[in-house]
Amino acid sequence: MIPYGKHDISGDDIDAVVDVLENHFLTQGSKVPEFEQALCDYTSAQFCTAVNSATSGLHVACLAAGVTHGDIVWTTPNSFVASANCALYCSAQIDFVDMDEHTRNIDIIKLGTKLALAKQAGQLPKALVVVHFAGFSCDMQAIANLLSGLGIVLIEDAAHGLGGSYKGRKIGSCEYSDITVLSFHPVKSITTAEGGAVLTNNPELAQEIVLFAKHGITRDHGLFDAETTKISLAGDWYYQQLTLGYNYRLSDMQAALGISQLKKLDDFILARQQKATFYIQALANLPLILPQRTSIDNQSAWHIFVVELKPQGGDTNRGQTRKAVYQQLVEKGIGVNVHYIPIHLHPFYQQLGFVYGDFPYAERYYERAITLPLYPSLTEQQQQAVVDALTEILV
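Under the numbering used here, residues 4 to 398 are what the sequence shown spells out, in order.
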């Protein structure tokens, strides 16, 4: 079976982890700060906090943004549930802006319309979580312009995006946003097994992010509440809990793996880009809607490669449903997937009042989408097997 995604681990990655096991602290040692600095160097963000998952990172981002009970957070329905759950963790309300049918990211026009109506009604969101679907950046400059002066915290869910770029800057630079969240899940651009990171250029937000990710505890004397404790009597052992935080730390073993993987990130992305180009050329004549090609201003990280079955009609797709095509591919040894079930269609979110029909573009896309295998070590022979299988099924 050819999997839809796969991590790429080599001997130097293994050696880096073994070195920590044999010679360093397993947690709260030097490797996490080293990894955080390496991510800052790569993305050009000023501050980075490594966490144990992108889900934790999104939660921390919302907490740092001040999201709380009575607030509203917006995101896109075309994402994994973590992009919306982060708001609910903070006891806020969640709402969605439909996707653009061409970019598969948040629809800029619909966002502008929704913002205008919300401003008029006095119900602007506290934060907006935009998702760089499949590794292709949202139009961050346009989004930032729409949000300008409205006091809305802009959070990038860049779980798919590390290694991609937008207007000459790496995704994660926070050039147009307040906070960016990364993922290091095994099928992402690089992996730490499980893990994530939260990036920002705002020192106040960075301070809050660190607190919320690490129990709300600090050893920074400059942050201590002097009125509750005689600081002069405190030694180097002393720390204070300033807020209710969480244990979202990354281990040093994972950080060591991340440091090693990050050195190969650009090579990983180049391989993904080449394989995406192969698919785009090889599948051009099949009845499929293919992902957009990247532009000079927007270079995708190509986390996943999603095709859509063209609407049925005549001999198109032989009148087959997505389920039938999916099953036939699996039977041929092709490990396909579907990204994503629109968040608002999950039973939990329907209990919150969302219904089918609320976000038609995301719903229509989902009904036709199939994710094909794409990862750095995928061979041309394996890709050709995918193409041949689709050709046999669809033509």
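Since the hints were made in silico from the structure, they are not lab data. Watch out, some of these pointers could steer you wrong.
[Stated by the list, open to error] Calculated cross-link-like contacts (lysine to aspartate or glutamate; reagent style EDC-like; alpha-carbon spacing at most 20 Å): (1) K313 to E370; (2) K267 to E370; (3) K117 to E104; (4) K217 to E197; (5) K267 to D18; (6) K326 to D269; (7) K267 to E104; (8) K267 to D11; (9) K266 to D11; (10) K267 to D74; (11) K335 to D361; (12) K313 to E104; (13) K217 to E383; (14) K117 to E178; (15) K335 to D269; (16) K9 to D269.
From a predicted model like this one, the values you see are computed outputs, not experimental measurements.
Right, here's what the structure says about each hint:
1. K313 to E370: 11 Å, holds
2. K267 to E370: With Cα atoms ~36 Å apart, K267 and E370 exceed 20 Å; violated.
3. K117 to E104: The given pair, whose Cα atoms are some 17 Å apart, holds under the 20 Å limit.
4. K217 to E197: Given pair K217, E197 holds - Cα atoms ~17 Å apart, limit 20 Å.
5. K267 to D18: 15 Å, holds
6. K326 to D269: 35 Å, violated
7. K267 to E104: Violated: K267 and E104 sit about 33 Å apart, past 20 Å.
8. K267 to D11: Within the cut-off at roughly 10 Å; holds.
9. K266 to D11: It holds: about 13 Å lies between the C-alpha atoms, which stays within 20 Å.
10. K267 to D74: 41 Å, violated
11. K335 to D361: 36 Å, violated
12. K313 to E104: Cα-Cα ~13 Å, so holds.
13. K217 to E383: 44 Å, violated
14. K117 to E178: Roughly 24 Å separates the two Cα atoms, so the pair is violated.
15. K335 to D269: 32 Å, violated
16. K9 to D269: Holds: K9 and D269 sit about 17 Å apart, inside 20 Å.
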